[in-house]
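The residues making up each chain are set out below.
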Amino acid sequence: MSGPPIIEAIDVSKHYGSLTAVDHLDMSVPSGVCFGLLGPNGAGKTTLIEIIEDIIPPSSGEVRYRGKPRASSFREEIGIMFQQTALMGFMTVHETLKTFHALYHHAHDIEALIELCHLDDIRKQLNDRISGGQRQRLLLALALINQPQLLFLDEPSTGLDPQARRNLWDIVDQVKQDGKTIILTTHYMEEAQQLCDVVAVVDKGRIIAQGTPQELITHHAQGVRIILPEAAVQDKLAGIALETESMDGRLAIHVKDMNTAIETFLQRRIDLTDMQVQNPTLETVFLNLTGRQLRD
Amino acid sequence: MNFKRMWAIFVSRNREFFRDKAAFGWNLLFPFLLLAGFAVIFGGDDRKEFKVGVFPCPPGETGHIDGCVPPALQAIKPIQYIGFQNQEEGLQRLKYHKIDMLIQVGSDPLRYWVSDTAPKGYIVEKMIAGHLNPDTADLLARQASVAARPIRYIDWFFPGVIGMNIMFSALYGVGFVVVRYRKNGVLKRLKATPLTAFEYLSAQMLSRIFVIAFSLTILWIGCDLIFDFHVEGSYLDLAIVFMLGNLSLTALGLIIASRGTSEEFANGLLNFITWPMMFLSEVWFSLEGAPRWLRMASDALPLTHLLTGVRKIMNDGAGLAEVQLELMVLAGFTLLFLSVGALLFSWNK
Chain Z
1 MSGPPIIEAI
11 DVSKHYGSLT
21 AVDHLDMSVP
31 SGVCFGLLGP
41 NGAGKTTLIE
51 IIEDIIPPSS
61 GEVRYRGKPR
71 ASSFREEIGI
81 MFQQTALMGF
91 MTVHETLKTF
101 HALYHHAHDI
111 EALIELCHLD
121 DIRKQLNDRI
131 SGGQRQRLLL
141 ALALINQPQL
151 LFLDEPSTGL
161 DPQARRNLWD
171 IVDQVKQDGK
181 TIILTTHYME
191 EAQQLCDVVA
201 VVDKGRIIAQ
211 GTPQELITHH
221 AQGVRIILPE
231 AAVQDKLAGI
241 ALETESMDGR
251 LAIHVKDMNT
261 AIETFLQRRI
271 DLTDMQVQNP
281 TLETVFLNLT
291 GRQLRD
Chain H
1 MNFKRMWAIF
11 VSRNREFFRD
21 KAAFGWNLLF
31 PFLLLAGFAV
41 IFGGDDRKEF
51 KVGVFPCPPG
61 ETGHIDGCVP
71 PALQAIKPIQ
81 YIGFQNQEEG
91 LQRLKYHKID
101 MLIQVGSDPL
111 RYWVSDTAPK
121 GYIVEKMIAG
131 HLNPDTADLL
141 ARQASVAARP
151 IRYIDWFFPG
161 VIGMNIMFSA
171 LYGVGFVVVR
181 YRKNGVLKRL
191 KATPLTAFEY
201 LSAQMLSRIF
211 VIAFSLTILW
221 IGCDLIFDFH
231 VEGSYLDLAI
241 VFMLGNLSLT
251 ALGLIIASRG
261 TSEEFANGLL
271 NFITWPMMFL
281 SEVWFSLEGA
291 PRWLRMASDA
301 LPLTHLLTGV
311 RKIMNDGAGL
321 AEVQLELMVL
331 AGFTLLFLSV
341 GALLFSWNK
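If you read the sequences in order, they're chains Z and H.
Using the working numbering, read the first sequence as starting at 1 and increasing by one per residue.
Using the working numbering, read the second sequence as starting at 1 and increasing by one per residue.
Each hint should be verified, as a subset may be incorrect.
What the hints assert, rightly or not - A partial selection of chain Z residues facing chain H, derived with a Cβ cut-off under 10 Å:
| id | residue |
| --- | --- |
| 1 | Gln-222 |
| 2 | Arg-225 |
| 3 | Ile-227 |
Said to hold, decoys possible - The calculated DMTMM-like cross-link candidates involving lysine to aspartate or glutamate, where the alpha carbons are at most 25 Å apart (straight line), are:
| id | chain 1 | residue 1 | chain 2 | residue 2 |
| --- | --- | --- | --- | --- |
| 4 | H | Lys-4 | Z | Asp-109 |
| 5 | H | Lys-4 | Z | Glu-111 |
| 6 | Z | Lys-124 | H | Glu-16 |
| 7 | H | Lys-183 | Z | Asp-54 |
Think of the hints as simulated: they come from the structure by calculation, not from any bench.
Beta carbons are placed, not taken as given, at the ideal position from N, Cα and C, and that holds for glycine.
Sequences are here, hints too, so could you generate the full structure?
Here it is in structure tokens:
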């Protein structure tokens, strides 16, 4: 996890008129990890990742690949799955793969890729006549076609149903096992928790926290949430200073020490039959760090 | 430059064109229908160039109202007579240029009305006056008929239709499509690969030239079977001029393709370029005798030089040496458009 960085962003900024999308940001991604960029909509994740991918230029700062400025061979060594992209029309899945295969010097075996990304059933279908999940698997296959050392996945599972999402995660997991470095942007906490070794929380163009998912939870989301029916609690907790939240006849109580809390509830004869306990997740970290206000 | 990458893009673009059955069919059918339509409208030997209204006559046209038209006027071949029951009806048609002249039959001398703003009215007036005056024959001495093979209107018009087809196909096939690709992210996806802008644009251009050459061959064979065209010059020379014209127009398409993501704007820009080019490049009619500034504007358009070259070879039997000016101008346009297009090109939105 602490290997030499495969890619670094050094003091990178990007301005669109008066809007600052990325603000003097430093980022270093060690080789062989899955690095997640987590942030609310409009946080600057996609802008940052596209600067690192060399799709858009930064307004200032620099990006280094294996310690050097990116050379023309950079595109031979990376794979990109964009958030929104179309493909050339009137081509089958297999023809699309063949076309992209021809664009690289060292490309993956197409059949192996079809097997890895479960595309065999749709290889003869036109690329605009496939389902959302199939399409994301095809885009992932295209990102992997040159056997990249560094793979960028920009919100890969947005819009997918739970089955398709988990299927995609399984494939990404297999890619991780091959020792590839992955940079992934997402606003799905579960995705970040499932796939990422390191997560950076991005907000307003800056990284505001970084670490393994567990480190982030430990540092930024202490305690647990206990949820009880309001009818069971009534006014039995009067006089105790607690952080509570009322939700549809249920009361969420944020406590730092689970044992002390349970002891208190039992002393005050609160019925714990319908009690639920929620451990902190990345979502807790996310909300604690970026606030609960709605973002566009 | 990597030929494998260029070939991959060339093949994918060709697939897109040939598999889009509706667009492909229309590309072939449209010029053919246009040509067939014009052949039917203007192809007949007894084509009437002028329309003259006569009153008071029963409603109808030449053939049905012969009894109403004075015998001296019936002999004038290019005139079609249309009968009106009264003067008011005839003047209404004259006002809207539906007829070129109105004559009151039975009056002596013949009373007539023409529109001061219609050039055809002036011509038909002089034609009828000359025909009715027996002395005019003594003022002219016809020497001989031109013995050369007659050039039918369709022979003159055919290169225009072909040129127009090349223009639309080149400009929309490159300009519009690349803007659409930029808008929907295809270009961004390709930018993420080792493909260079030069390779991509070259492949686009070569693909368009290939599909235009293919469509042109089918169109030419089909039209020749029906209309029996005669090419005075060499087919090879003709192919060279077409190829160079095709190149210059496709390169012009690359300039439109170089920037922007708005298909509406691209469409407007394409209309802004194609419509004046269609009217000023002698697709439909000759600009012989047009004002000097108009002819200079016409000379600044690649389609003009393509059509001049093609017509010289096809109708006049010219060789490459006689169309070298057109070839040089087309080559110059190609280089200019390619340089500007490559300079302005952007993958991103």
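Right, here's what the structure says about each hint:
1. Contact between Gln-222(Z) and chain H, as hinted, is not supported at the beta carbon level, the nearest pair being about 41 Å apart and thus beyond 10 Å.
2. With a cut of 10 Å, the hint placing Arg-225(Z) at the interface with chain H is violated, because the nearest CB-to-CB distance is about 41 Å.
3. Using the Cβ-Cβ criterion of 10 Å, the hint placing Ile-227(Z) at the interface with chain H is not satisfied: the shortest such distance is roughly 43 Å.
4. Our distance criterion of 25 Å between C-alpha atoms is met by Lys-4(H) and Asp-109(Z), whose separation comes to about 17 Å.
5. About 20 Å separates the Cα atoms of Lys-4(H) and Glu-111(Z), which keeps this hinted pair within 25 Å; it holds.
6. Restraint check for Lys-124(Z) and Glu-16(H): the C-alpha separation of about 15 Å stays at or below 25 Å, so the hint holds.
7. About 19 Å separates the Cα atoms of Lys-183(H) and Asp-54(Z), which keeps this hinted pair within 25 Å; it holds.
Violated hints, in rising order: 1, 2, 3; the structure is consistent with all others.
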